[in-house]
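If you read the sequence shown in full-length UniProt numbering, its first letter stands for residue 1, the second for the next number, and so on.
Quick caveat, the hints were computed from the structure, so don't treat them as lab data. From a predicted model like this one, the values you see are computed outputs, not experimental measurements. Worth double-checking, as some hints may not be accurate.
[To be verified] Here are the simulated DMTMM-like pairs of lysine to aspartate or glutamate, each with C-alpha atoms no more than 25 angstroms apart in a straight line:
1) K111 / D40
2) K111 / E16
3) K111 / E125
4) K111 / E90
5) K127 / E16
6) K94 / E125
7) K127 / D40
[Claimed, not checked] Pair ranges (Cβ atoms, derived):
8) S28 / V142: 14 to 24 angstroms
9) A153 / G84: 28 to 38 angstroms
10) I33 / G128: 13 to 23 angstroms
Note that the Cβ used here is the ideal one computed from N, Cα and C, for glycine as well.
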Amino acid sequence: ANAVRFTERHLQRRNEAGVVTSWAIRTSIAGPIIGLFAMDSFDHGDVGHCYRDNIQQTHNHVEDQSPRCADTIQAGTLNCGGLGYWISPEYAGKGIMSQVVSYGVNHLARKEFGYDRIHGEAWMENKGSQRVMENTGMRRTVGVPCFVPKFSAVRDIAHYIIDVATP
Numbered sequence: 001a002n003a004v005r006f007t008e009r010h011l012q013r014r015n016e017a018g019v020v021t022s023w024a025i026r027t028s029i030a031g032p033i034i035g036l037f038a039m040d041s042f043d044h045g046d047v048g049h050c051y052r053d054n055i056q057q058t059h060n061h062v063e064d065q066s067p068r069c070a071d072t073i074q075a076g077t078l079n080c081g082g083l084g085y086w087i088s089p090e091y092a093g094k095g096i097m098s099q100v101v102s103y104g105v106n107h108l109a110r111k112e113f114g115y116d117r118i119h120g121e122a123w124m125e126n127k128g129s130q131r132v133m134e135n136t137g138m139r140r141t142v143g144v145p146c147f148v149p150k151f152s153a154v155r156d157i158a159h160y161i162i163d164v165a166t167p
C-alpha cells in the first residue's frame with residue numbers, strides 16, 4: 001500500500017508540474033538507446049525532509065554526520081532531487097553512466113532544477129549502481145528495506161546523497 005501511494009504521489013506531482021525529466025542515452029544522435037537517466041523532485045514520503053546542518057533532531061546515518069534529515073518541517077528545508085538510471089548490460093562497466101550521473105549532479109541539479117541535495121538508491125546487491133553513485137561523489141547514508149511491487153517482496157536498498165555545490 002505504501003509503495004502504491006508513493007508511486008501515485010510521484011506521478012501526480014510530475015503531471016501537475018508538466019515537466020518530463022527523463023533522457024535517453026544514445027551512442028550517437030541517431031544511434032540506439034543504450035540507457036536512460038532521470039532526475040525529479042525527491043519524494044521524502046514518510047521519512048521526513050532534509051535540512052541544513054543546524055538541526056538537532058536527525059536520523060542516524062552510516063557515515064559522515066554532515067547531511068542531516070529531520071522529522072519535522074523547520075526553517076532551512078533543502079530542495080531535494082532524486083535520480084534514477086539504467087544502462088544496457090553490454091555498455092555497463094565502461095564508465096558511461098558515471099559520466100552521465102556526474103553531469104546530472106554537477107550541471108543539471110543546481111543550474112536547471114535548483115536542487116540543494118540529490119538522493120539516489122540502489123539494490124544492496126547492485127554493486128555497479130552503487131559504484132556509479134560513489135564515482136559521482138555521493139555518500140551512502142543508510143540501507144533500508146523497501147517493498148517492491150513488481151517482486152511482491154521486501155528488498156534492501158542502499159541510499160546515497162550528495163549536496164550540490166552552489167554555482
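query = Straight-line Cα separation of K111 and E125 no greater than 25 angstroms?
reply = It is violated: about 33 angstroms lies between the C-alpha atoms, which goes past 25 angstroms.
Given hint D40 paired with K111 - CA-CA distance at most 25 angstroms = 14 angstroms, holds
G128 and I33 - C-beta distance against the hinted 13 to 23 angstroms = Cβ of I33 to Cβ of G128: about 19 angstroms, so the range 13 to 23 angstroms holds.
inquiry  = Check the hint pairing K127 with E16 against an upper bound of 25 angstroms on the C-alpha distance.
reply    = 35 angstroms, violated
query = Honestly, do S28 and V142 meet the 14 to 24 angstroms range at C-beta?
reply = With Cβ atoms ~39 angstroms apart, the hint is violated.
ask   = How does the Cβ-Cβ distance of A153 and G84 compare with 28 to 38 angstroms: does it lie in that range?
value = Hint violated: Cβ distance 20 angstroms, outside 28 to 38 angstroms.
inquiry  = Hint check: K111 vs E90, CA-CA at most 25 angstroms. Holds or violated?
reply    = 32 angstroms, violated
message = So if I understand the rule, the pair passes when the alpha-carbon distance is 25 angstroms or less; does K127 with D40 pass?
response = 23 angstroms, holds
task = Could you grab the alpha-carbon distance between K111 and E16 and see if it respects the 25 angstroms cut-off?
result = 22 angstroms, holds
ask   = Does the alpha-carbon distance linking K94 and E125 stay inside the 25 angstroms limit?
value = Measuring from Cα to Cα gives roughly 19 angstroms; hence the hint holds.
The structure shown violates the earlier hints numbered 3, 4, 5, 8, 9.
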